[in-house]
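Peer 1: Chains as they are written, first to last, in the numbering used here: chain L, 20 to 292; chain Y, 340 to 693; chain F, 14 to 300.
Rather than coming from a laboratory, the hints here were simulated on the basis of the structure.
Any given hint could be a false lead.
[Unchecked claim] Quick list of in silico lysine to any residue cross-link-like pairs, SDA-like style, CA-CA up to 25 Å:
id : chain 1 : residue 1 : chain 2 : residue 2
1  : F       : 288       : Y       : 492
2  : Y       : 492       : F       : 204
3  : F       : 189       : Y       : 378
4  : L       : 202       : F       : 25
[Claimed, not checked] Computed list of chain F residues with no C-beta within reach of chain Y, every gap over 12 Å:
id : residue
5  : 17
6  : 34
7  : 117
8  : 138
9  : 141
10 : 149
11 : 166
12 : 198
13 : 205
14 : 208
15 : 246
16 : 280
Computed from a prediction, not measured in an experiment: that's the story for all the values here.
Quick reminder that beta carbons are idealized off the backbone N, C-alpha and C, glycines included.
Each chain, written out:
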Amino acid sequence: MFSFSTRPARIAAFFAIVLALVVVLFPFVWVFLESIKPPSLGGRPDVWVFPPTGDNWNNVLFQSDVPSNILNSFFVAFATVAIALLVGCPAAYAFSRFRGYHGARYSILAAEMMPPAILILPFFLVLYHLQMIDSLAGVIAAHLSFVVPVVTWFMIGFFDEVPRDLEHQAMVDGYTRFQAFYKVILPAVRPGIGAAGVFGFVLSWNDLFYALLLTGGESRTLPVAIAGYWTFRGVDMGKMAVAILIAVIPVLILSFFIQKHLVRGIGGGAVKY
Amino acid sequence: MSYVSLKSVRKKFGAVEVLKGVYLDIGRHQFTVLLGPSGCGKSTTLRLVAGLEPVSDGQIFIDGQDVTMLEPRERDIAMVFQNYALYPTMTVEQNMGFGLKAKNVPASEIRTAVHKAADLLDITPLLARKPGALSGGQQQRVAIGRAIVRQPKLFLFDEPLSNLDAKLRVETRAEILNLHKRLNATTIYVTHDQEEAMTMADRIVIMNQGVIEQEGTPEDVFFHPASRMVAAFIGSPVMNFFDGVGTADGNIETPVGIFKGFPQVKAGQKVEIGIRPDDLLPAEPGDNTVTGQVQLSELLGVRAIIHLQTENGSAFKAVVDHEIYREMKLANDASFTVREGRLHVFDSQSGQRL
Amino acid sequence: MQLKHRFVLPLALVLSAVMLYPVAFSAWISLHDYRLTRLNDVRWVGLDNYTFIATDPGFLNAMGNTITFVIGAVTLELILGLGLAILLQRLVRFQNFIRSTLLAPMFITPIAVGLMFRFLLNSELGVISHYLGEIGISIDWFGPQLALFSIILIDVWQWTPFMVLMFLAGLESLPKAPFEAARIDGASAWLTFRSVTLPMLRPVITVAIIIRALDAFKVFEYVFAITRGGPGDATETIMYYIYQAGFRFFRMGEAAAAAFLLIVVILVLVIALVKATKSNTEAPNDV
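Produce the complete structure using the sequences and hints provided.
Peer 2: Shown next as structure tokens:
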């Protein structure tokens, strides 16, 4: 399985990878089993064989707020990513192509690294004054603060890889610079847009910190709902497991498609591989 | 006794067999050039000798020892790569000393050896630099220096000059030859450039499609090519070929005329005759001559290449002196006879020399 | 307006609204006694919040915990990530499947990760604790001694894949020739790794460490999901401290000051890290 030259090295590598796989997969297997355990056995660490039941799934999907939490999360992530791509793509293109934007490139990186602790207080206070706590618009605004820089940073890297001759050709052929950008360059970076969009979506979908403080009641997103299953009074393990799986599965599927492009995006043109 | 020896060496990459049973013997101190078109298996052969790839079948010996299953480091060889393969994060000095460091040679000895090699190659001022700060030619010298420092049993060169510009290539060629004379080391050198092969080699090994076509001195392969492939590959401009058929009285009949005196050709045997453009001498029409209409002439200086076309439409070239070039007129006919003993005959089917 | 500025204008507007304005507002808050419970009585206090926070044992403890967490987690992730990346690169079968599986944790919402491990490691209900107990090992994962370490392990579980992703791409982009030269030069696997692979990988390693460290400073979800800062204040991280100050005690001014001090600490660490990795690579007479 491995191209190491000695047999002991190959055997050691095999066991190391198997161990890594077990460590990674075990929590997923456990959480799946919990989700189909009869509630009476919920949380028992020593029970592995039991008649599977759909009770937890039924309960979460049809008798709880989780479906509306899913919709909230989806709407927030989708709107955030749409806005981020809309403002991020042209700017990233400019950072990639025009002189005088070298510093801007790195201030985007700095923005990406801004601790949410600084931003949460003003967001909270402004939304509080506007009486918009508990609204999705507030969370979207907050999520823009980290999704926009990430998406822009990703796109800089992808634009850097498109040869300049491409838009020069388009401009010689009679397009304006802007036409060249959206008719020739944007289609050329479509995989990059997909990767940046999916990554931004995942970041927004996974956020707890902002959503916890800026939503409540009707507007709760899925991570907030998951956190809500564990209270000081106790936990409903089976239902929580279902909610976790619902939050995790779509993201894992999405991420599978962007893995190839992810590294280029994270490097953002700063790391030349 | 041979110093490096390949016995029935085969190499497969997946289902593709790139070496189909290579036998090769290389003498001590010899400068052997592996020559051939791209994809012929010459670089693969070198990498097998180096131990960078395992053989699929067969055996390799170096200095009498079977090294077939040995790691590169156990073979005591040095190699100069096409793109130099310098360690980008190390200085020139560290690059050159790395092979000795790997053998746990004391630092002071490494230093002495590196400086000695650097002197030899005139690269002492570069020792503190990193490869990124060197020109292509300088990187090339460092790569050679790295090989010399090791004092290996065997030097391997994998197209080391192909990334240099023409002038530097000729200079470095001479330098490698000088080094070879001074160090007297056994060398295997891979190239696709026949000029390099002809000027540098003690022995040339011409490979094609995974087998050795011919092995010999530069004179051997030029004047007595063993096959049509070798004949066509070596020499510039390329050899002229004409189809022909053997006759009962030991002649060859071709569309351009009859060539007499080839008893080795059987009656009715299909052959190709080959004549180098340099071996065509102006003559009156007759037997053993080729006649064609002048299509184009290129003056190279003292000599010129004349492009001609025979009556039946086959094209050929002749290399003539300047005086004759001046007499040749476009669209006129010109006849040439073949220099004594320089007409090569190959079997049409096998391509082998007859 | 110049064309190039028109491309950037929308981004500039959005970032002004969601970053510049909030940061400025935050700075303003940090200079006031700003309490959510006394919004009509916001008073200018100058740097009082900063001096209070900088000497607050709770803040210093949280900062210490956070730095321990960042250094511990990033170091472990670096070593494991490098090892796994090398294994994955040498993998010749099932490569795609194993790669995708091993990368999975980094895409999951951290609150889910926190809760999963909360119950896997729980001393009464936890599967892992249960079976460790069966073979006579009893570990109180979230007790005062180990809680911070356990949180580090959880971060390692989730974020080692990020390192693997970066290093694998880095390894695969390295030119092959120097490695063949090293084989010819007779370098052992260890010498090759130390002298050829690591130096060539250094830029990628630096970037990966910086990205991961900056992200690790934001750790919140695991603490929120598992320990809520406890036992005592053993796992109170800086983000959790700010969350408590701002939203449990409603002292916005102090929370804002703490956030700005966090940025200072992060900047100092990043600069130190960049310097440290740079100085090692420069040769004496480098050109």
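Peer 1: Give a verdict on every hint.
Peer 2: Quick rundown of the hints versus the structure:
Restraint check for residue 288/F and residue 492/Y: the C-alpha separation of about 44 Å exceeds 25 Å, so the hint is violated. Pair hint residue 492/Y plus residue 204/F holds up; C-alpha atoms about 23 Å apart against a cutoff of 25 Å. Only pairs whose Cα atoms come within 25 Å are accepted, and residue 189/F paired with residue 378/Y is accepted, the gap being roughly 20 Å. Distance restraint check for residue 202/L and residue 25/F: the Cα-Cα separation of roughly 23 Å lies within the 25 Å cut-off, and the hinted pair is therefore satisfied.
Listed as a non-interface residue, residue 17/F keeps its Cβ farther than 12 Å from every Cβ of chain Y; the least gap is roughly 32 Å. No beta-carbon of chain Y comes within 12 Å of the beta-carbon of residue 34/F; the shortest separation is about 45 Å. For residue 117/F, the condition that its CB be more than 12 Å from all CB atoms of chain Y holds, with the nearest at approximately 32 Å. Against the 12 Å criterion, residue 138/F stays outside the reach of chain Y, whose nearest CB is about 51 Å from its own CB.
Every Cβ of chain Y is farther than 12 Å from the Cβ of residue 141/F; the closest lies at roughly 42 Å, confirming the non-interface assignment. Distance check for residue 149/F against chain Y: the nearest CB is about 46 Å away, which clears 12 Å, and the non-interface claim stands. With a minimum CB-CB distance of about 33 Å to chain Y, residue 166/F clears the 12 Å threshold, and the non-interface call stands. The claim that residue 198/F is not at the interface with chain Y is violated, since a C-beta of that chain comes within 12 Å of its own (minimum 4 Å).
Remark: the non-interface label on residue 205/F conflicts with the geometry, its nearest Cβ contact in chain Y lying 9 Å away (cut-off 12 Å). Not every beta carbon of chain Y lies more than 12 Å from that of residue 208/F, the smallest distance being close to 7 Å; the non-interface claim is violated. Once the 12 Å rule is applied to beta carbons, residue 246/F is consistent with being away from chain Y; the minimum gap is 45 Å. No beta-carbon of chain Y comes within 12 Å of the beta-carbon of residue 280/F; the shortest separation is about 28 Å.
Checked against the numbered hints listed earlier, the structure breaks hints 1, 12, 13, 14; every other hint is satisfied.
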